[in-house]
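Given these sequences and hints, build the entire structure.
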Amino acid sequence: MWYFVSPQIVFGEDALSALEELPGRRALLVADPTLLRLGTVERVAAHLRKAGLETAIFAEVEPEPSLATVRRGAAVAGDFAPDWVVGLGGGSAMDAAKAIWVLYERPDLEPAAINPLQRLGLRQKARLATIPTTSGTGAEVTWAIVLTDTDEQRKLGLGNRENVADIAVVDPALAASMPPQLTADTGLDALTHAVEAYTCAWHTDLTDGLAQRAARLVFDHLPEAVANGANLVARERLANAATSAGLAFGNAMASLAHAMGHALGGVFHLPHGRAVALCLPYTLEFAGGESPGRLAELAALCGYGREDEGAAVRAFAEGIRGLISRVGNPLTVAAAGVNRTAYEARLEKLVDDAFNDTQMLTAPRAPSYDELQRLFLYTYEGRPVDF
Amino acid sequence: MAFRLPSSEWIKELSDQLNASDSYARAAKDWEGDFLFVVEPDEGYVETAYLYLNLYHGKSPGAEQVASADAKQTAYVISGPYKIWRRIVEGKVDPIQALMTRQLKLVGDMMKVMRYPKAAREIVACCARVPTEFA
Chain W
62 MWYFVSPQIV FGEDALSALE ELPGRRALLV ADPTLLRLGT VERVAAHLRK AGLETAIFAE
122 VEPEPSLATV RRGAAVAGDF APDWVVGLGG GSAMDAAKAI WVLYERPDLE PAAINPLQRL
182 GLRQKARLAT IPTTSGTGAE VTWAIVLTDT DEQRKLGLGN RENVADIAVV DPALAASMPP
242 QLTADTGLDA LTHAVEAYTC AWHTDLTDGL AQRAARLVFD HLPEAVANGA NLVARERLAN
302 AATSAGLAFG NAMASLAHAM GHALGGVFHL PHGRAVALCL PYTLEFAGGE SPGRLAELAA
362 LCGYGREDEG AAVRAFAEGI RGLISRVGNP LTVAAAGVNR TAYEARLEKL VDDAFNDTQM
422 LTAPRAPSYD ELQRLFLYTY EGRPVDF
Chain A
156 MAFRLPSSEW IKELSDQLNA SDSYARAAKD WEGDFLFVVE PDEGYVETAY LYLNLYHGKS
216 PGAEQVASAD AKQTAYVISG PYKIWRRIVE GKVDPIQALM TRQLKLVGDM MKVMRYPKAA
276 REIVACCARV PTEFA
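If you read the protein sequences in the order shown, they are chains W and A.
FYI, in the working numbering the residues of the first sequence are 62 to 448.
FYI, in the working numbering the residues of the second sequence are 156 to 290.
Hints in this document: simulated from the structure, not taken from any laboratory.
No experiment lies behind these values; they were computed from the predicted model shown.
Even glycine gets a Cβ: it sits at the ideal position worked out from N, Cα and C.
Careful, some of the hints might be misleading.
Unchecked claim - Cβ pair distances, simulated, as ranges: (1) W:Thr402 to A:Asp171: 51 to 57 Å; (2) W:Leu293 to A:Ala175: 57 to 63 Å; (3) W:Ala136 to A:Glu187: 32 to 38 Å; (4) A:Gly188 to W:Thr211: 21 to 27 Å; (5) A:Asp264 to W:Gln434: 25 to 31 Å; (6) W:Ser352 to A:Gly188: 32 to 38 Å; (7) A:Gly188 to W:Met62: 25 to 31 Å; (8) A:Val262 to W:Arg87: 53 to 59 Å; (9) A:Asp264 to W:Arg98: 56 to 62 Å; (10) A:Ser163 to W:Asp431: 42 to 48 Å; (11) A:Asp264 to W:Arg87: 33 to 39 Å.
To be verified - Derived PhoX-like pairs: lysine-lysine, alpha-carbon spacing no greater than 20 Å straight-line: (12) W:Lys410 to A:Lys238; (13) A:Lys267 to A:Lys238; (14) A:Lys267 to W:Lys410; (15) A:Lys227 to A:Lys184.
Take a look at the structure:
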């Protein structure tokens, strides 16, 4: 028994106009200060006002949003009493919006208590809409919430399937203004979601097709979107890839690259997409060393098929490294700018945090402590995994 | 030798497996909290069984079958029908998925338990190492 959850998804050119059909009286828009400054918040608010919704704005979400930020947002929601919470932005803003909505509905909960094991009883006060301005996180369609415990320098993987959005509006025009670096980071995040959703222990028939298609779309369109951001065809295909990958991993799971990437992001503040993608070739080599079957299958679908399954996995890992290089991203933790001494000093914490990340549960090959430590070292140095 | 599920012998063997596991010891080095596993009756098992498992700082200091839910006041209670427990021990159902779909119900500090996924995985691995015969 398992579930497949999804919002209603409005996607493609002019999808934002669907906001004009939202019923209700008040909407709280949750975003970050940059989108406020760029006028994107106002652009969305104008659509909400056309629906007759009085609109308030909480534009204080920082990258890697903290528990304190979502508590502040929930207090704003409590005062404003919206019947829609609208998350606008990248994964940080949308995840913050999910948490703010949950805490507005359930002020008795601590943010860290938002877990998948209990009934939350949401939708008594409001509903949730999500609007991505990047193409990668998939947060518009997932129920996962990643917040940062700033005291412990640790990312918290939270969420409950009830807190999936009611409606996700994926308008590729919103992502068209992303600079190349952000396009690369988020696009590689989508690729990592797709690959890990396909290969993780909780994949299902309902998620496999979405993951396959999403991986292929990223290979085919990310380099063009990075090189020529004005190419709206590439932008739209990447937006679709990100949402498809989000549906896939949101209903399966991710795995080892995400566990390691979360740990790296928590300690060294690497952007999420950059961190998980640079780990991905190494974790594929590691997983493929034991059971290459599904990885080889996905490799073939992405153009890296080989007679020998192990060779296919290695070619796929190299293909991903090639894509990462082509879009200008680092292939190693060292190249991402992390000092070796600092890295070694935090290695034990990295290993512990990765082990206690929920994504570790579904790794197709579970590493031992020693193996995970070696994986972190290989990922630092850029050594293909040989164990 | 196989141990019958549910029984005192089975839960004690699980406790022994945990105490022999370095991976569990490290994953649960800070864990404090005992469990009561409640096996509810269904078509495969007609009684309710209560299995107590103490877990503390990476070790399992004790385990036994007890007569009732009141026999031990534990930090956590996980309950579910016999067929789900059986499928978990057989490796056919992931216990985390069983909790997420509420085929198993957990009572206790969920914030705390969610921070130890590696320890949960190690417990499942130890379950798989207990030679089991089913009631």
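Out of the numbered hints, which ones does the structure contradict? The structure breaks hints 1, 8, 9, 10, 12, 13 and 15; every other hint is satisfied.
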